[in-house]
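S.K.: Spelled out from the first residue to the last, the chains are:
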Amino acid sequence: MTALAQYERLESTGRYFDGQTARPRDVVVKFGDASLIILDMGDMPIAHWSLAGVRDIGDGREDGSLTLTPDYDADERLTIDDPTMVQAIRTVCKDLRQRRPTTPKRWRKVALWTVAALGSVYMIMFHIVPALSDQLATLIPPEAEAAMGEKMVDQFADLLTPGDEPRFCSTPKGDKALAAMTARLEGTANVYLPLTVRVLDHEMVNAFALPGGQIVLFRGLIRTADAPEEVAAVLAHEIGHVVARDPTRLTLRSAGTAGILGLLLGDFTGATVTVALSEALLRSGYQREAETSADHFATALLAAEGLPSEPMAAFFLKLKEMTGDSDPGLLSHLSTHPDLQGRADKAREADTVGGSAFKPVLDDQEWVALRNICQE
Amino acid sequence: MSTIDYPEQQVWKPKNRTYLGTKTAEPDRLEYTGGRGELFWLALSRMLMTILTLGIGRFWMTTRLRRFYWSSISIGGEPLEYTGRAGEKLIGFLIAVVILAVYLVFTSLLLTFAGFAVYDGDPIALSFLQLSILPLFPLGFWAQYRARRYILARTRWRGIRFGLAPGAWGYMWRALGWGFLTLVTAGLLYPLMQLKLSRYLTDRSHYGSLRFTQEGRLRPLMISWMWVWMPVAVVAAVGLFGAFQYFDFSTIGDLEALGDGDGKRLNERDESTDPNPFSLAAGAIGGGAMIVALFAWVTFALIHHRIFSFRYLNSNKVLEGGTRFDFRIGMGSIIGIYIVGSIVIWLLVGIIAGLLIGLSFGIMAALGIDPRVLREFGSGELTGLSELLSVIPVIVGYLPGIAAYIALRHAFFTHPLLKEVAATVTVNDLSAANEAAQRAHDEQAEAGGFADALGADIGGAF
Chain G
1 MTALAQYERL ESTGRYFDGQ TARPRDVVVK FGDASLIILD MGDMPIAHWS
51 LAGVRDIGDG REDGSLTLTP DYDADERLTI DDPTMVQAIR TVCKDLRQRR
101 PTTPKRWRKV ALWTVAALGS VYMIMFHIVP ALSDQLATLI PPEAEAAMGE
151 KMVDQFADLL TPGDEPRFCS TPKGDKALAA MTARLEGTAN VYLPLTVRVL
201 DHEMVNAFAL PGGQIVLFRG LIRTADAPEE VAAVLAHEIG HVVARDPTRL
251 TLRSAGTAGI LGLLLGDFTG ATVTVALSEA LLRSGYQREA ETSADHFATA
301 LLAAEGLPSE PMAAFFLKLK EMTGDSDPGL LSHLSTHPDL QGRADKAREA
351 DTVGGSAFKP VLDDQEWVAL RNICQE
Chain A
1001 MSTIDYPEQQ VWKPKNRTYL GTKTAEPDRL EYTGGRGELF WLALSRMLMT
1051 ILTLGIGRFW MTTRLRRFYW SSISIGGEPL EYTGRAGEKL IGFLIAVVIL
1101 AVYLVFTSLL LTFAGFAVYD GDPIALSFLQ LSILPLFPLG FWAQYRARRY
1151 ILARTRWRGI RFGLAPGAWG YMWRALGWGF LTLVTAGLLY PLMQLKLSRY
1201 LTDRSHYGSL RFTQEGRLRP LMISWMWVWM PVAVVAAVGL FGAFQYFDFS
1251 TIGDLEALGD GDGKRLNERD ESTDPNPFSL AAGAIGGGAM IVALFAWVTF
1301 ALIHHRIFSF RYLNSNKVLE GGTRFDFRIG MGSIIGIYIV GSIVIWLLVG
1351 IIAGLLIGLS FGIMAALGID PRVLREFGSG ELTGLSELLS VIPVIVGYLP
1401 GIAAYIALRH AFFTHPLLKE VAATVTVNDL SAANEAAQRA HDEQAEAGGF
1451 ADALGADIGG AF
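Chains as they are written, first to last, in the numbering used here: chain G, 1 to 376; chain A, 1001 to 1462.
Pulled out of the complex, with its shape left as it was, chain G reads as follows (with noise of 0.2 Å):
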């Protein structure tokens, strides 16, 4: 230790804090044999620091002067004004500013409770909120639901249609239609709230069901249909949506969710979540379970009515076909499940018409006005 042997002799003043009161103590400073020597004023020794383990805790002073503790965990403090021995210490000792180790307890800690937060998190987000909101979603009165239902149609409208007014198609012929077909299915299919069968101007193929027996088809949905019995099978479908209740549980879902996600992200004025999750909701909509039922209970009402329900499976065919090209505008709830041809044959297995006559949804007067309700 040449540099060590260099500041032998080499003393001055500090002030010494024994770590338990505040009163500062005036000391002599020098180097012992791999330490650092503590003397009071009347030469006798106070402390021995080992050079190895002081430490200097005033990083961001501009003043020269230093201020040290004998190790991390230790009370006591010794600052030094002088600035020869404030230079002997800082070329002696070399770790003066090492950071405090991070124990392996402490890693331990941190990656305990990372996957305890991620867990919970995961926990929350889809196991328990999804079985609250489907308790809370039997439990909410229907004319609350319905005046609930009708805002929420508006404020989706809005944000499909960003920066025009959005547009419920309606002529007198088309509303007379759209109201026949309607009928016919929601006699039979016993809904607990009377349905708001409505189009949307929007090119989009799609149809979405919100809380409050609001049905929203798009006119893209209606000029992609061949036939009359394709969009009442969507109808239907959507219908099963509503009986299931499960507009009401996704909203409530969603509020679920919203606020956790809010405080991972750290934005809680809620707007991008809104946007967010609204965005979601309409691109894939249900889970898988959901849209099996609502399949399952349209394919059903459609047998009740005596309708085939071979026009379903023509139209999920379509769009697999439309999807295929990848067209942005055909984005949609109905479009982006992957599983298309499985729905059709399913639809196709469940037909009870067969090839045998039926009397159809519409007469053709009927279905073209339907075709052009968005055309004044």
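No wet-lab data here; the hints were simulated from the structure. All values reported here derive from a predicted model rather than from experimental measurement. Glycine included, every Cβ here is placed at the ideal spot set by N, Cα and C. Do not rely on the hints blindly, as some may be mistaken.
[To be verified] Computed footprint of chain G on chain A; a stretch qualifies when at least three of its residues, placed anywhere within it, have a C-beta under 8 Å from a C-beta of chain G:
| no. | region |
| --- | --- |
| 1 | 1073 to 1082 |
| 2 | 1212 to 1220 |
| 3 | 1306 to 1314 |
[What the hints assert, rightly or not] A few chain A residues that don't get close to chain G, going by computed Cβ distances all over 10 Å:
| no. | residue |
| --- | --- |
| 4 | F1241 |
| 5 | L1347 |
| 6 | P1400 |
Keeping the supplied structure of chain G fixed, place chain A upon it in accordance with the hints.
M.R.: Chain A in isolation, oriented as in the chain G frame:
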């Protein structure tokens, strides 16, 4: 040894004493000795790290910045010391997430359910999503107290710990109560809230075994607040009185009739019932000017009140035994710092962001992407790849711009403010603090995690 009652020149000052011919401490000063350049790079590098780690790095950033600031402040020649660790803050945040997630889910679900069940046609249909903040609001005060307790428990001076006694729930109820009182008195009792809450916090704060006490009275704060409150109250009262006095309710019918689009009738009415239309115009201009003047006045008075109450409340925090700090920072110097800082920061941020955004469009051009995809972003009309690519300007331009902005704020707001506060403060009777005995370690396992989870300002230090 007390120095309070003697004239300045007769006092024997310890700083005149020397040992072995070397310089010793100058006990009665508070100094801030941090370097601006070091602080800037510290903040910038940590902020970039925070962005790269999607926010997890903020615990390391806060810790490092606090260590810098604390150790840059020395009182009587001894630096403050921050002993908090980033790891414990991360653990604290995770703990807070677990607890808050449960709390939030139940409260927001119940609120939404209630919103559904008692729905009466108010336009709150989708705003229930925003309602999820509501149950968190009171917890904010609770978390604030806990965060302060953590910070004090990790602060040392002369090796002795500071501390804050438990009392977060009490603070939350008081904050809510005083806040409510302030609200129902239309802001009149705001200084009372300030004083009471400061008293609650200060009277539970300790340096070692010594307790702090919040002294001071309501009157000076109230007088300062009146400069803000009175003009607003007077104008509001006059306005309301005038509205009731002069508003002729029978004209409502006439106004409805005007809506019929009968232009002739409008003209007739103007000539017959308004003898002097100029008085109306003059009134409008005068009223407008008055509103602008009021706004300017209130802004100024608010700044003044903020500075005054900071000075008054902090100067009246007395450590058991008599140590106190006299804050004298002037309003002019603070406003000056903010004006100069704002100009510097926005100039630099503007230059940096401009360069970065230019660069990002260059990258997009090089990759052959039409910048118009940006307009489609968020409209739900984008396919996966272009959606991903449209994020390029955000990553290359916006995020480093934010990092630069945060770092510049530290260098050009916090740094000069601390310097100015330190330069203008007077320390009284520091030797009384010698009596403080060591204080037990306060674990505080959540380490300010609740305050962080509830919307900490990312990139800040305090």
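S.K.: All hints are to be evaluated individually against the structure, with a verdict given for each.
M.R.: For each hint, the structure was consulted:
Coverage of the region 1073 to 1082 of chain A by chain G holds. Counting CB-CB distances below 8 Å, 5 residues qualify, and the rule asks for three or more. Counting residues of the region 1212 to 1220 of chain A whose CB lies closer than 8 Å to any CB of chain G gives 0, which falls below the minimum of 3, so the coverage claim is violated. Here the region 1306 to 1314 of chain A counts 0 residues with a CB under 8 Å from a CB of chain G, which misses the bar of 3, and the coverage is violated. Distance check for F1241(A) against chain G: the nearest CB is about 37 Å away, which clears 10 Å, and the non-interface claim stands.
Look at L1347(A): its CB is around 27 Å from the nearest CB on chain G, clear of 10 Å, so calling it non-interface holds up. The Cβ of P1400(A) lies farther than 10 Å from every Cβ of chain G, with a closest approach of about 19 Å, so its non-interface assignment holds.
Consistency with the previously given hints fails for numbers 2 and 3, ordered from lowest to highest.
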